[in-house]
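In the order they appear, the protein sequences are chains A and B.
Per full-length UniProt numbering, residue 1 is the first one in the first sequence, and the count goes up by one each step.
Per full-length UniProt numbering, residue 1 is the first one in the second sequence, and the count goes up by one each step.
Please keep in mind that the hints were generated in silico from the structure rather than gathered at the bench.
In this text, a Cβ means the ideal position worked out from N, Cα and C, and glycines have one as well.
Incorrect hints may have been included.
[Claimed, not checked] Per label pair, the in silico range of CB-to-CB distance:
hint: 1; chain 1: A; residue 1: Thr32; chain 2: B; residue 2: Glu280; range: 54 to 60 angstroms
hint: 2; chain 1: A; residue 1: Glu142; chain 2: B; residue 2: Glu269; range: 24 to 30 angstroms
hint: 3; chain 1: B; residue 1: Leu86; chain 2: A; residue 2: Asn62; range: 51 to 57 angstroms
hint: 4; chain 1: B; residue 1: Thr283; chain 2: A; residue 2: Glu117; range: 17 to 23 angstroms
hint: 5; chain 1: A; residue 1: Glu117; chain 2: B; residue 2: Ala223; range: 50 to 56 angstroms
hint: 6; chain 1: A; residue 1: Asn62; chain 2: B; residue 2: Ala186; range: 55 to 61 angstroms
hint: 7; chain 1: A; residue 1: Ser132; chain 2: B; residue 2: Arg243; range: 39 to 45 angstroms
hint: 8; chain 1: A; residue 1: Asn72; chain 2: B; residue 2: Asn304; range: 43 to 49 angstroms
hint: 9; chain 1: A; residue 1: Ser132; chain 2: B; residue 2: Asp190; range: 22 to 28 angstroms
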Amino acid sequence: MSDRRDGTPEASLADADADAGTAPDGGHAAATPSTHTVRLELVDEPGQLLAALHPIADNGGNLLSIYHERGNKTPRGRIPVEVDFEATPERFEEVVDALRSEGVNVMQAGTERYAEEVTLLLFGHLIDTDLSDTLSRIEACESASVADVSLAAPQGTEEVSSARLRLEARAGETDAALAAVRDLAAEKDLRVVEPLTGVEA
Amino acid sequence: MRLAVIGAGAVGRSVVELAGEHGHEVVAVADSSTAVVADGGSDAVGVDPDAVVARKAERGIVGDDDPEDALAADYDVLVEATPTTLGDAEPGFSHVTTALERDRHAVLANKGPVAERYGDLRAAVDDSDGAIRFEATVGGAIPAVSTVEDIEPGHVTAVRGVLNGTANFILTRMAAEGLDYDHVLAEAQDLGVAEADPSFDVDGTDAALKCVILANVLSFGAADDPADAREFTLDDADVAGIRDVPGSALRLAAEDGQTVRLIGEATGETVRVAPRLVPENGTLAVSGTQNIVQIETSHAGRLNISGRGAGGPETASAVLGDVGRLE
Chain A
1 MSDRRDGTPE
11 ASLADADADA
21 GTAPDGGHAA
31 ATPSTHTVRL
41 ELVDEPGQLL
51 AALHPIADNG
61 GNLLSIYHER
71 GNKTPRGRIP
81 VEVDFEATPE
91 RFEEVVDALR
101 SEGVNVMQAG
111 TERYAEEVTL
121 LLFGHLIDTD
131 LSDTLSRIEA
141 CESASVADVS
151 LAAPQGTEEV
161 SSARLRLEAR
171 AGETDAALAA
181 VRDLAAEKDL
191 RVVEPLTGVE
201 A
Chain B
1 MRLAVIGAGA
11 VGRSVVELAG
21 EHGHEVVAVA
31 DSSTAVVADG
41 GSDAVGVDPD
51 AVVARKAERG
61 IVGDDDPEDA
71 LAADYDVLVE
81 ATPTTLGDAE
91 PGFSHVTTAL
101 ERDRHAVLAN
111 KGPVAERYGD
121 LRAAVDDSDG
131 AIRFEATVGG
141 AIPAVSTVED
151 IEPGHVTAVR
161 GVLNGTANFI
171 LTRMAAEGLD
181 YDHVLAEAQD
191 LGVAEADPSF
201 DVDGTDAALK
211 CVILANVLSF
221 GAADDPADAR
231 EFTLDDADVA
241 GIRDVPGSAL
251 RLAAEDGQTV
261 RLIGEATGET
271 VRVAPRLVPE
281 NGTLAVSGTQ
291 NIVQIETSHA
301 GRLNISGRGA
311 GGPETASAVL
321 GDVGRLE
């Protein structure tokens, strides 16, 4: 799932970002910084980590965390380092380019599109109403991705069954994701048990 | 205070029984067809509470007078404890306005007038020297309305909670025993926790009425001019009940450390009642017939008040608390 997440959306976001400066409405979503993770391979020599962090900071990345796996070496004898930082999609590309042009080996560079998690229940004739279609259509929703599904159909597939869905939603878009699930449920005559979002009960 | 108690169900009878302990005197009691009114006069004593309760139990009447006589009696506070009706909220609404027209106070345990005709009630209060209070309409013994008033409605952003003991009992038992709705409902009916026709509770109507009342308190209380306040009725509430929640849904919730509760939420703009996922050991996951009211404030954080949301003496305590505030 992470491969798919890391792939297509970035290109479209980067395109949309091109006119972000002049189109405040259209460019707003694209210009919002999101969290990115890069895995780097560093030579075990003094100053290497600092040298690797400069291109991130210099290109507008806001460092969030650094996991320096000293003692855990890659097959080539280098030290893996995982760095999380916030940046707009456009800046992210620049950071990766700068790292590579500084000679830092970038093992993985991904965008974490989904910052919020939400669990909900669906019940009704889930199987008869094509559960896989239901899930695909939630997946197709811009705001969310289905991370986990548990199904309980104790009376067989033709009776009422229940599902617990864990959705990953983009930052600030949990409400939109829930609204999309509500609409879909209404269309298929399913019931949704939503969480109390924003309430740590 | 001299009380006229209209309605002789569990709440009305408990008010009659407990009024003396709170320093009040019951001067009239009415049920739907009969009444008893204390003799007038300067040294008048109230009606005998034990006799009223005994007559109601033995003969199904409270006395030999006409219910109209109770409404016309010489009381300070009318206690409206007749069954909740929807729509025009009659006859409860007229009982209350009759008291206000006579410049007397009214305390309601009946949700109908406050939920369905709040604007009309406020208008009647404006034309009267009397006041109304209705703590008993929301969450039984829980001081929900007065807490919101103490904080001031303008500083309360939302009120939510578990406001129906019957629905909560059913969800609690379903989750704990892995039983289905129909089985637990039958059990609740045998225990007297659910009515023979449980629709009002399990379809979310009762919880919705309570949330509508809270929404009215928030909306009217926060408005500078009551004319600008939005009035809520049951029609404004988005309501879903628990009738079709399958046991399998509760099991899936439990696997994830969660459970399902019928949660009502009121703000000055929205009213919503629906089964919701809450953490299994969280504050809102009260058990059995317990209720909880959670008040979200602008400056004072979150307040939680839990307790018994129904029952004769519990609700009567809220009624008599209101009577005390009117002194």
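Here is what the structure says about each hint:
The given range of 54 to 60 angstroms is broken by Thr32/A and Glu280/B, whose C-beta atoms sit roughly 35 angstroms from each other. Between Glu142/A and Glu269/B, the C-beta spacing of about 27 angstroms keeps the proposed range 24 to 30 angstroms intact. Distance hint check for Leu86/B and Asn62/A: the Cβ-Cβ separation is about 56 angstroms, which falls inside the suggested range of 51 to 57 angstroms. At roughly 21 angstroms, the beta-carbon separation of Thr283/B and Glu117/A lies within the given 17 to 23 angstroms, and the hint holds.
Our hint of 50 to 56 angstroms for Glu117/A and Ala223/B is violated, since their Cβ atoms are close to 38 angstroms apart. In this structure the supplied range 55 to 61 angstroms holds for Asn62/A paired with Ala186/B, their Cβ-Cβ distance being about 59 angstroms. A hinted range of 39 to 45 angstroms for the beta carbons of Ser132/A and Arg243/B is inconsistent with their spacing of about 28 angstroms. Judged by the Cβ atoms, the range 43 to 49 angstroms given for Asn72/A and Asn304/B holds: they are separated by roughly 46 angstroms.
At roughly 43 angstroms, the beta-carbon separation of Ser132/A and Asp190/B lies outside the given 22 to 28 angstroms, and the hint is violated.
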